[in-house]
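Residue numbers (our numbering), protein chains in the order written: chain E, 84 to 295; chain X, 10 to 140; chain C, 7 to 118.
No lab work stands behind these hints, which were simulated from the structure alone.
If you're wondering where the values come from, they're calculated on a predicted model, not measured in any experiment.
Glycine is no exception: its CB is placed at the ideal position from the N, C-alpha and C atoms.
There is no bait here: all hints are sound.
Here chain E is said to cover these stretches of chain X; the calculated rule only asks that three of the stretch's residues, wherever they fall, bring their Cβ under 8 Å from a Cβ of chain E:
hint, region
1, 12-20
2, 127-138
Cβ-Cβ distance ranges computed for the label pairs, FRET-style:
hint, chain 1, residue 1, chain 2, residue 2, range
3, X, Leu87, C, Glu64, 42 to 52 Å
4, C, Glu64, X, Ala113, 53 to 63 Å
5, X, Ser21, E, Ser178, 24 to 34 Å
6, X, Arg31, C, Ala36, 52 to 62 Å
7, C, Gly91, E, Glu191, 21 to 31 Å
8, X, Ser21, C, Val96, 31 to 41 Å
9, E, Pro260, X, Gly50, 34 to 44 Å
10, E, Leu284, X, Arg22, 48 to 58 Å
11, C, Lys104, E, Pro260, 19 to 29 Å
12, C, Lys104, E, Gln102, 36 to 46 Å
13, X, Lys56, E, Met271, 58 to 68 Å
14, X, Leu87, E, Lys99, 27 to 37 Å
A short, non-exhaustive set of chain C residues, derived as facing chain E with CB atoms under 8 Å:
hint, residue
15, Ser8
16, Thr21
17, Gly27
18, Leu82
19, Ile102
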Amino acid sequence: MAVALAVAPTRMELLKLKQRLGLAQKGYDLLKEKMDALVIEFFEVLRRIQEARAKALEQLSVAHRALSMCFAIVGTLETKQASREAKRELQVEISTRHIMGVAVPAVEVGDVERNVLIRGYGLHMTSSVLDEASKEFERALKLLIELAELEESAFAVAREFEKTKRRVNALDYILIPRLKETIKFIMMRLDEMERENFSRLKRIKAILEEHD
Amino acid sequence: MSADRIIKLELSRLNLHLPERRLSLKEALSSPRPQVAARDGSMHVFKREELKFLAGLLPEADRDKLQLPILIAMEPKLGRGTARISGEVEVKVVSRVLEKEGAAGELLIYRPEVAILRRKLPTTTQYLFMW
Amino acid sequence: MSYKIAVVGDQDTVTGFALAGATYSHIHTAREETLAKLNEFFASGEIGLVLITHRIAEELGFDFRQMLRTKRLPPLVLRIPDKTGYMPKVDELREIIKRTVGAEIMIKKEGG
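Can you build the whole structure from these sequences, using the hints too?
Shown next, in the form of structure tokens:
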């Protein structure tokens, strides 16, 4: 049961409360529309995540298989050595874009010129198996970068959705019932007071008539 | 009352992602970096593939009439699950994208159609919350 | 802005991604050490993406989840399977769907 607000039972107050109720209901309706839009956006990101995940995870296993082959053929120690000496550096460009007002990251693989293209493994190493493993892991990395962007975006949209839902619930379960309850109470009191007034006037009239 | 202030704040935030001024399709196509400044200060970039797709759906003459982003109006009055597209050229192009009929200048679309529209035109459409 | 990539994993994962172009790496052995390294990565300002295996993320538990909740972007953090393909039973995204939007789907199905 909603608890009525403590306000003086006057017509002024009643008017103010009705305005507040109007605002609260408008807020509720619009925030519900916002929630609907966020759901549509969220599911679209989710759909893209499913695609991106499948591709990335498949490529990652391919990469690990290539690496195992590399360990077997070139040698575990040598491969690890090569990875430590690898002069390759992949960078990412991160900027912000917005989905319906929600800030989400936009991640691109950095300019090719900035990346060191020469796979230097050290003077004594050249191996196509090693090259293969590097290439497969690089492919995996690019797909994972895409996936990371999508997952972060999904989390961001979900957070905004939860925040909006909390507001909607506060309006629906707390503020609006409270306002309605208070309005009801004031209208009752105003009615009462009017009836009391009316019967008092009747009695006064009766007394005056008696004296005439 | 602080609750009222919060409501007013949320309402004012609803459309901050929209631009002050829209760009016509023609202007966007001829720009090296087609974008608009959103009211919250961020820059909203239009993807060229979407612009080309839209251009393909319209005769040359309509290209400077189509205002971008196309607004998908969510209005409680329409009932939940219903949105509206306004503007003669906007309606024409959205009707073609969704393959449905639109009466002159105004088109009502439903939630699954909104999803399709957003999927096909993620940067050239935006939600507008109205009351 | 340009950022570098870091990877936290087992020997194989780290070797593979180092070959691919990850700039920083950490092979996980002890929990406290790895958490400290992650803090370093998050605070550095030059790292845009941190890859970490699901297995390790699970082992790090609550502390790691806390770090994810409180950190700012960058860096993005992505959990990946290791060479065994291990993925946790609980998919965080699925949980979010159930928790926040699940009710909405129910309403959608009933109310249309």
